[in-house]
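Quick note, the sequences are listed as chains B and E, same order.
Residue numbers for the first sequence follow my numbering, so the first one is 1 and each next one is one higher.
Residue numbers for the second sequence follow my numbering, so the first one is 1 and each next one is one higher.
No incorrect hints appear here.
Pairs of lysine-lysine, BS3-like flavour, derived with a Cα cap of 30 Å: (1) E:LYS153 x B:LYS153; (2) B:LYS24 x E:LYS268; (3) B:LYS275 x E:LYS105; (4) E:LYS275 x E:LYS73; (5) B:LYS169 x E:LYS310.
Since the hints were derived computationally from the structure, they do not count as laboratory data.
The chain contents come next:
2 protein chains.
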Amino acid sequence: MVMEFLDERSKQILYAVVQSYISKPDPVGSRFVTKKYSFGFSPATVRNIMADLEDLGFLSQPHTSAGRVPTDKGYRFYVDSIMVVRETGEFDSGEGDFVQQFAKKLENIRSDVNNMFLEVTNSLSMMSNYIGVVTPPRAEKTIFDRIDFIRYKEDKVVAILMTEEGVIKNKIIGVDSRLTQDDLNRIADYLNAEYSGRTIDEIKNLLVRKAYREKALWDKLIARAIKIYEQAISFTEDDVYVSGLYDVMNLPDFSDISKIREISKAIKDKHIILKLLDELSDSEGVHVFIGNENPVEEMKNLSVVASTYKERERPMGVIALIGPTRMDYSKAIYMVDTIAKCISRTFD
Amino acid sequence: MVMEFLDERSKQILYAVVQSYISKPDPVGSRFVTKKYSFGFSPATVRNIMADLEDLGFLSQPHTSAGRVPTDKGYRFYVDSIMVVRETGEFDSGEGDFVQQFAKKLENIRSDVNNMFLEVTNSLSMMSNYIGVVTPPRAEKTIFDRIDFIRYKEDKVVAILMTEEGVIKNKIIGVDSRLTQDDLNRIADYLNAEYSGRTIDEIKNLLVRKAYREKALWDKLIARAIKIYEQAISFTEDDVYVSGLYDVMNLPDFSDISKIREISKAIKDKHIILKLLDELSDSEGVHVFIGNENPVEEMKNLSVVASTYKERERPMGVIALIGPTRMDYSKAIYMVDTIAKCISRTFD
DNA sequence: TATTAGCACTCTCATCATGAGAGTGCTAAT
DNA sequence: ATTAGCACTCTCATGATGAGAGTGCTAATA
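Let the hints inform the model, and build the full structure from the sequences given.
Okay, here's the thing in structure tokens:
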């Protein structure tokens, strides 16, 4: 990532173009720039600079006598070297910093984690008009608190898995019908006593190793525990909360039906989103993917602003905003960052 | 609902127009009808009949010299008096009756009810290209099997509610921190012994009445049980499974961006859907709402084919297809009917 | 009497030409 | 180094034109 050099004036022009285009997706011309932002230059000068910026690949023209439009590279430079990230959420409407307000509100619903993520996702999309995405803590990384088993019907057992983070999952599993509730309790007691405090993944490994090591003097209880535990933790669904397709449809960027189809297709398939977000599941801070920087083919016309949230320094899940490349990056970054931190805080 | 009279010829023409328009949304002209369906009439005759059908309100013309298009009333007559409901799911592709195939597949995943509904919804929309909607059993109507409480963290309890139908819900509730696990067990035992086999709603009423009657000699246990039970069963989310917006966007009916916005808006808000489906939550068989017949304003340009599914003769929830008024009613009805019956069967 | 052939008429839609408007690039002047 | 001036290019809205499809009506036909 070479840091391109740009003189101050060029930066100003690029800034003006990006700002203007972000607030309204019309190609921006030299005259407009001089009128709206009163630098000291004439339109002709601006034209020269714009031509330079175009040569450098920061701007492009939809056609020969239209104004200029930022390229992905232009946005990238804007984000890296020009933009200042907002320190407050007071945009449009001046009702105070609603991101902060939301963050406060969040503290109250942290008891029900699953519900919380739903809430966060909705709020994200509502406040930004972009698509909000939240992945709950990846099951494997959460910390096992305890597990319980309850007999259910003839040959089934409901396993209730509780984690430190407040994620409660239940799953119906089929078991040998000769297992009594007492047996189940013993298994649960064993698992709880032995493994509380470790991550789900860790435990899985430990159990497997244990099983292997003690193959000879095979303990019936442990054997059962392993088997039943593995069933209980295998959650097939990759749950991702996504919200805001409707809001995004109202952006002028997607006034074209084919664009909507494209974006719907991309976010319909949650695997695509997971694939995208997995990229950064172990990293820190806010990440920005602009257009074709996107590791996922289906989103090369979209931008993604994402951040992991953490629990005691371990990254747990991801929250993100997906929108057009013509995104209000400053706003988006502020939002994602603030809310990610806020979630992290509620976990600690 | 007066049964309109129509001579055989008129029916044939109406049938031809609807069929043709369903398969391709172009206004259908007299010449086309005579060519495609070889009745014995000439285009001129067809024109006369069409004019009559227009007078009766079954057809309409987009403009003076276009072909005819069915009105909602036209579809209604078609559905009531002309159409034959398919007895098989072998449409387009001739891979056998895939609805039946799906039904078989369903038997295997009935263990995890929540997952099942997701699956059903997705399959519905995929097979039909319309929007699939499924409401899980309304919590109040399901039959209480048992409840358990597990202490969680300092001042919280996880309530696990199991119903006859296989719906397992968990909820974190805050409780008096002096309640011990023993207390919780006693409460659970009391509730399970006393109320297993009744509907969630019934129990609520019984408990309230009990509380009232025994106000004087107030039993601490019962008081607690009531309080905690009420918390446990209050599920705020109206969960509705909806799927297939993307598929529907590919229909030519929604090639217009504003139409997509409209439909998205309607199904985004799950309350709207709930409101619609509540209309028939106590009735039987397949219901068809065509366009403006729709009780919900937001859907007056859409059609809904819906059916309740039942458990032991009591209606539990609804499955539905939402699509354009130009819907393949025969196919949709067959699908909804078959799958609803299939779900009912897996519950018994 | 019911049906049909014939024909004038209407409306849509794609195509094309036109011209205003916006913005550029270049050159010459400052 | 900057800017004014100007010719040039491209888009977009507008309106004209004509082919195509389909109708409604009337007169002829079985």
